[in-house]
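Number of protein chains: 2
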Amino acid sequence: MMYNAAFAPEALARKEKIQTALRRLSADALLLADNANLYYTSSRVFCGYTYIPAEGDMLYFVRRPVGLTGDNVVYIRKPEQIPDELKNRGLALPATLLLEGDSLPFNEYNRLAAAFSPARILGEGTALIRGVRAVKTPYEIALIRQSAASHDTLYRRIPKLYTEGMTDQEFSIEIERCARQHGSLGIFRIFGRSMEIFMGSVLSGENADTPTPYDFAMGGAGLDDSLPIGCNGTTIRPGQTVMVDVNGNFTGYMTDLSRVYSLGEIPDLALHAHEVSLEIHRAVMLMARPGVAAADLYNKALEIARDRQVEDYFMGHRQKAGFVGHGVGIEINEQPVIAPRSRDVLEVGMVFALEPKFVIPGVGPVGVENTYLVTEEGVEKLTCCEESILPLE
Amino acid sequence: MMYNAAFAPEALARKEKIQTALRRLSADALLLADNANLYYTSSRVFCGYTYIPAEGDMLYFVRRPVGLTGDNVVYIRKPEQIPDELKNRGLALPATLLLEGDSLPFNEYNRLAAAFSPARILGEGTALIRGVRAVKTPYEIALIRQSAASHDTLYRRIPKLYTEGMTDQEFSIEIERCARQHGSLGIFRIFGRSMEIFMGSVLSGENADTPTPYDFAMGGAGLDDSLPIGCNGTTIRPGQTVMVDVNGNFTGYMTDLSRVYSLGEIPDLALHAHEVSLEIHRAVMLMARPGVAAADLYNKALEIARDRQVEDYFMGHRQKAGFVGHGVGIEINEQPVIAPRSRDVLEVGMVFALEPKFVIPGVGPVGVENTYLVTEEGVEKLTCCEESILPLE
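Chains A and B, in that order, give the protein sequences. Following this note's numbering, the numbering of the first sequence begins with 39 at its first residue and continues without gaps. Following this note's numbering, the numbering of the second sequence begins with 39 at its first residue and continues without gaps.
Just so you know, the hints here were simulated from the structure itself, not pulled from any lab data. Treat the hints with care, since some could be wrong.
Copies of the same chain look alike in the list, so a pair counts if it fits in one copy or across any two.
[What the hints assert, rightly or not] Straight-line Cα separation of at most 30 Å, DSBU-like style, residue types lysine-lysine; simulated pairs:
no., residue 1, residue 2
1, K358, K53
2, K55, K198
3, K338, K116
4, K116, K358
5, K55, K125
6, K419, K53
7, K125, K53
8, K198, K338
9, K358, K419
10, K125, K419
11, K419, K55
12, K53, K116
13, K338, K125
14, K198, K419
15, K419, K116
Bound conformation, chain A alone (with noise of 0.2 Å):
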């Protein structure tokens, strides 16, 4: 089967969901192809595509793997057979279809809109998604729950992983491996063509000042020029802070969790921005509800580190990332992004990761990263590791 009966009531409701959006734009169907929105729609990744037509069932078109069964499964071996297919089962073609524009690459984009010519073609299907994807089911929050609770049980091992000397990829080793041992997918699902990264990333000391060229919230030069970012070998130091930003995909649903090491005595300026990030994330758990803008979320994580005289250092020193916070869920960077101009607005059924981060020159990064449900009150903190910086020994 495509998918197991405890799925199908909630294939029935994302369907609906789909569908709500899809009649809002006046649009007959979306074809799905992306990995992250065919898991989405069908509980399982599959070589194909899911088509959801605004009215009526959904049906997966797969290529790969041999043997799925069920009235909505239909196997082909190219997209030109979709529209004959739906002709076969007495459906009208689309007049309006949309496709992932964001994502299909530009020759297949063009390959699918001549297989439904003379339909008319756009290119918002991943907008689409990725705002239905954005406001999760309580299925999804479930399984979003479950990784939070393989994630901190994680954490609270990883002071006990560090051995006297360690550099920071020999600390993160350790770390990937428990991470594994304790059921991560490993993999690293990220939207946008540009985004890689392995498994997280620990960062100590300067590299944590190390300006990358991906989107993420620190940088560090890496261990190699083709994948700069994170670790880059360099033995933790005393005075120095290490932070721990590793893969809590434990169930194909993230969460997003980072809590900061140190050697020895670190300074005054150290620990109290680490309190000021402490101090943005209560603000913004009492701030925070169904209604608010995610942008008026980061004026105020900034209002904050003004205030107290750490913004030379809020969300990196030599480069700063430009939001304070993200959507997760099957993907690390989801719907809401909590930055100055987002036009996202918090709703109940929404998991974000909050991570208000500060770099100090010659110590290294402090602050703390925790994922929160919106609820109909405010927020639910997921991630509830201990959040102070913890000595390694």
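Given the coordinates of chain A, work out where chain B should sit on it, guided by the hints.
Just chain B now, kept in the frame of chain A:
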């Protein structure tokens, strides 16, 4: 600097290869945005674009990271600035511009096309650059040799990583850790929007016969339906084989290498199929040289499998892969493609993996995968660790 002095002549050589290809298509310029291609043209991943005119200097238009210097580096905030920056430098705008039609998302492609209006825009940029990248320079071959050496060293350690009663997942985790300790960058770059995998695959017993949605040589259920590939958590049992096909990205340039291990006695059919794989390797090594069609290599492999009566198990059993080898380099699936309908022809400097593999029901996968370099005289094997089925004890 964008790159160090050692890369300067290499950048020039790569630029000239691209320019030769551009002139063959009568195109005026190529604009690259894909990370693999930015790395190819600059020796680093950055956020931005490499612009290669058919004549003249290559330019790097950089959004991030801050701090890169050099005459050929131009900082921009958005791609719309590129044409103005070209004009500012007294350069003619291209009348015909190639973009990466197979990796740029539709909406982003159109944005770039609009920025260069009224130029004629063609989506053949991906095909062009992948064709160029298929033939490696001595500089690239040195990096591939370095990855091969680390990859071999890793594989020599693999039998020692097994302990009694392990699952495929536990074995995989120890191999991943060992790979990282030997310098693996972890990340597995793959071409194609639907392709994804963590660090590689460890396949044992029946799981090897589970069809996958991905276009890899072998399948496996994976640990979760959100990533249905590779190990699935089953205990490695006596009478079964385990195939390890794990990431050889130690330098930004990959090698590809698979070996098989066994627990206890395994049936003659599996031993026989493994010998057939080695026979295919020997036959291809004798046959492969510049000018030979990749399709002929595939046909030779299939013919041997058929003659030796193991065609039913060749390249999978319940589901079969459509190829027996592929180019490797910055990505794991470059050209040439060794498949029945491939039009690729071997050239000096191509590097490809050959992976004649068999899935024996009830036993597991057998066969080896090696990476070869095409030389003037034939091919040179780059991955040289023991090829026989090694016992796990």
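Please work out whether the CA atoms of K53 and K116 approach to 30 Å or closer within one copy, between two copies, in both situations, or in neither?
-> Answer is within; shortest intra-copy Cα gap is 24 Å, inter-copy 36 Å.
Can you tell me if K358 and K419 fall within 30 Å by alpha carbon in one copy, between copies, both or neither?
-> For K358 and K419, only the intra-copy Cα distance (26 Å) is at most 30 Å; the inter-copy one is 46 Å.
Intra- versus inter-copy proximity for K53 and K419 (alpha-carbon distance at most 30 Å) = Within. Shortest intra-copy distance 28 Å satisfies the 30 Å Cα cut-off; inter-copy 51 Å does not.
Is it within, between, both or neither when you check K198 against K338 at 30 Å Cα-Cα?
-> Cα proximity of K198 and K338: none, with 35 Å in one copy and 54 Å across.
Can you tell me if K198 and K419 fall within 30 Å by alpha carbon in one copy, between copies, both or neither?
-> within (25 Å within a copy, 43 Å between copies)
Status of K198 relative to K55 across identical chains (alpha carbons, at most 30 Å) = Answer is neither; intra-copy 45 Å and inter-copy 52 Å both fail.
For K125 vs K53, is the C-alpha pair at or below 30 Å within one copy, between two copies, both, or neither?
-> within (21 Å within a copy, 50 Å between copies)
Classify it for me, K338 with K116: is the Cα-Cα distance of at most 30 Å met within a copy, between copies, both or neither?
-> between (50 Å within a copy, 28 Å between copies)
Between copies, within a copy, both or neither: which fits K419 and K116 at Cα up to 30 Å?
-> Answer is neither: 45 Å inside a copy and 36 Å across each miss the 30 Å cutoff.
Within a copy, between copies, both or neither: where do K116 and K358 come within 30 Å Cα-Cα?
-> Between copies only: 17 Å across, 45 Å inside.
At 30 Å max between alpha carbons, let me know whether K55 reaches K125 within a copy, between copies, both or neither.
-> This pair counts as within: shortest intra-copy Cα distance 25 Å, inter-copy 48 Å.
Is it within a copy, between copies, both, or neither that the alpha carbon of K338 lies no farther than 30 Å from that of K125?
-> Neither: 54 Å inside a copy, 42 Å across copies.
Hint check: violations occur at hints 1, 2, 8, 10, 13, 15; the rest are consistent with the structure.
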